[in-house]
Amino acid sequence: MKIAVVKETAPGETRVAATPETVKKFIALGAEVAVEARAGQSASISDKDFEAAGASVAPRETVLAGADAILCINGPDAASLKGVKPGALLVGALDPTRRTDAIDGYAKAGLQALAMEWMPRITRAQSMDILSSQSNLAGYKAVVDGAAAYGRAFPMMMTAAGTISAARVFVMGVGVAGLQAIATARRLGAQVSATDVRSATKEQIQSLGAKPIFVENVAGIEGEGAGGYATEMSEEYQKAQAELVSSHIAKQDLVITTALIPGRPAPRLISDAQLASMRQGSVVVDLAADAGGNVEGCAAGENVQRHGVTIIGASNLSRTLAADSSALFARNLYNFLSAFWDKDQSRPVFPDDDEIVKGIRLTQGGKIVSERLAGSAS
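Residue numbers for the sequence shown follow the numbering used here, so the first one is 15 and each next one is one higher.
There's no promise every hint is true.
In silico lysine-lysine, BS3-like type, Cα no more than 27 Å apart, as pairs [as the list claims (entries may be wrong)]:
id, residue 1, residue 2
1, K38, K62
2, K265, K225
3, K372, K39
4, K96, K122
5, K96, K16
6, K39, K16
7, K16, K372
8, K357, K99
9, K16, K381
10, K122, K99
11, K38, K122
12, K381, K38
13, K39, K99
14, K253, K265
15, K265, K216
16, K216, K253
17, K62, K122
18, K372, K99
19, K39, K62
20, K16, K357
21, K253, K39
22, K265, K381
23, K16, K38
24, K16, K253
25, K381, K96
26, K357, K122
27, K357, K372
28, K99, K381
29, K253, K225
30, K99, K16
Derived CB-CB ranges, DEER-like [unchecked claim]:
id, residue 1, residue 2, range
31, P276, A174, 16 to 24 Å
32, S60, T334, 28 to 36 Å
33, A287, A51, 49 to 57 Å
34, Q55, K225, 29 to 37 Å
35, M170, T76, 57 to 65 Å
36, P73, T114, 24 to 32 Å
No lab work stands behind these hints, which were simulated from the structure alone.
Built from N, CA and C at the ideal position, the CB exists for glycine as well.
Could you build the full structure based on these sequences and the hints that come with them?
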């Protein structure tokens, strides 16, 4: 089996879908690995590093020729995959709901497209979950970037000239990114509080030494979603939460928002009026900026000033940690393919009735086969 690793072409993308570590592991399984020239340059991996691991390095056309599987970070345009044989696997983050033309192109090319961001949140798929691995890094980087923009010290400092109070950090949304943000802010010495619509996260917040901020005694909370994701809240809960956040946010120095609802625009958590209540020099990092943002006035990929508050529209922060994010992403891909590897055939074999396969398979046999895509189109 020939595995091709392509160089990313999306603007600002720095990651690569394989590393020398995973190349060696694929070769140990019996695969041949070909890497497009300069594919790992932005992630501090040279062509010589890949060659030393046993991969061949060549131009894109040569790498794709005869490939049985193509590994990518972002799904490439179908037109850039000329020469790929029908039936080849395309494995990566394919953004199925927003890049419908590309998915159609994969189907027409006869590719079996597998969207790793749709990996089910089940125990045996944890090591394959690209969203979790990349969100972990994003949560860390959100605090680092927020601290840099804040321009004051984070920990309490007692000096001969007086005491500097610890920064107050408020994390809204306690998924993978939120938990890492809490842990990072605590390590930097900040006073940390956090909130979420899922009551189960209260203990997680406390376990990291942060203060949980939750709406109590309100009926109709609908925050417990499937697969660990949040769902929409009742109107009564939304009102109560807005009041609680308004009173709390005015006292904060750094706020990090992480709330996402799969397949829908990011929920609005912070209004312009709430921003105006914050003190001059405060910072808000919006990790949901690419999905429309949790913060009013947020712009993806930009820093915006409103009422003396800096709003950082964080856009795919894991890209800014290219070496580590590539290593984790590449391991996710290896863990997925190796879990289905058939030693006799020296290739992965995907049962049609497998929960993971059904969740991430988009196209097969020249058709779009994902029930989720069919549902979104109706």
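A quick look at each hint next to the structure:
Between K38 and K62 the alpha-carbon distance is near 14 Å, which keeps this suggested pair within the 27 Å criterion. Between the alpha carbons of K265 and K225 the distance comes to roughly 14 Å, so the proposed pair stays at or under 27 Å and holds. At roughly 26 Å between alpha-carbon atoms, K372 and K39 fall within 27 Å of each other, so this suggested pair holds. For the proposed pair K96 and K122, the alpha carbon gap of about 12 Å is at most 27 Å, so the pair holds.
Of the supplied pair hints, the one linking K96 and K16 holds, its CA atoms being roughly 16 Å apart against a limit of 27 Å. With a CA separation close to 14 Å, the supplied pair K39 and K16 stays within the 27 Å bound. At roughly 24 Å between alpha-carbon atoms, K16 and K372 fall within 27 Å of each other, so this suggested pair holds. The hinted pair formed by K357 and K99 meets the criterion: a straight-line CA distance of about 22 Å does not exceed 27 Å.
A distance of roughly 23 Å separates the Cα atoms of K16 and K381; the hinted pair therefore holds under the 27 Å criterion. With a C-alpha separation of about 12 Å, the suggested pairing of K122 with K99 holds against the 27 Å cut-off. For the suggested pair K38 and K122, the alpha carbons sit about 33 Å apart, so the restraint of at most 27 Å is broken. A C-alpha spacing of about 33 Å is found between K381 and K38, which places the hinted pair above 27 Å, so the restraint is violated.
Under the criterion of a C-alpha separation no larger than 27 Å, the hint pairing K39 with K99 is consistent with the structure, at around 24 Å. Taken as a hint, the K253 and K265 pair is honoured in the structure, with Cα atoms around 20 Å apart against an allowance of 27 Å. Distance hint between K265 and K216 is fulfilled; the C-alpha atoms sit about 21 Å from each other, no more than 27 Å. Only pairs whose Cα atoms come within 27 Å are accepted, and K216 paired with K253 is accepted, the gap being roughly 20 Å.
For the hint pairing K62 with K122, the CA-to-CA distance comes to about 35 Å; that exceeds 27 Å, so the pair is violated. With a C-alpha separation of about 23 Å, the suggested pair K372 and K99 falls inside the 27 Å cut-off, and the hint holds. The suggested pairing of K39 with K62 holds, with an alpha-carbon distance near 17 Å, which does not exceed 27 Å. Between K16 and K357 the CA atoms are separated by roughly 15 Å; this keeps the pair inside 27 Å, and the hint holds.
A hinted pair counts as satisfied when its Cα atoms are at most 27 Å apart, and K253 with K39 does not qualify at roughly 52 Å. Proposed proximity of K265 and K381 is contradicted: the alpha carbons are some 54 Å apart, above 27 Å. For the hint linking K16 to K38, the alpha-carbon distance of about 14 Å falls within 27 Å, and the restraint holds. For the hint pairing K16 with K253, the CA-to-CA distance comes to about 55 Å; that exceeds 27 Å, so the pair is violated.
Taken as a hint, the K381 and K96 pair is honoured in the structure, with Cα atoms around 18 Å apart against an allowance of 27 Å. For a cut-off of 27 Å, the pair hint linking K357 to K122 is broken: about 30 Å separates their Cα positions. A hinted pair counts as satisfied when its Cα atoms are at most 27 Å apart, and K357 with K372 qualifies at roughly 22 Å. Using a Cα cut-off of 27 Å, the hinted pair K99 and K381 holds, with the two alpha carbons roughly 15 Å apart.
Using a Cα cut-off of 27 Å, the hinted pair K253 and K225 holds, with the two alpha carbons roughly 21 Å apart. Restraint check for K99 and K16: satisfied, since their Cα atoms lie roughly 12 Å apart, inside the 27 Å limit. Here the CB-CB span from P276 to A174 is close to 53 Å, at odds with the stated 16 to 24 Å. Hint check: S60 to T334, Cβ distance near 20 Å, so the stated range 28 to 36 Å is violated.
Against the hinted window of 49 to 57 Å, the Cβ-Cβ separation of A287 and A51 comes to about 53 Å, which satisfies the hint. Checked against the hint of 29 to 37 Å, the C-beta distance between Q55 and K225 comes to roughly 44 Å, which is inconsistent with it. At roughly 58 Å, the beta carbons of M170 and T76 sit within the given window of 57 to 65 Å. A hinted range of 24 to 32 Å holds for the C-beta pair P73 and T114, which are about 30 Å apart.
Of the numbered hints stated above, those contradicted by the structure are hints 11, 12, 17, 21, 22, 24, 26, 31, 32 and 34, listed in ascending order.
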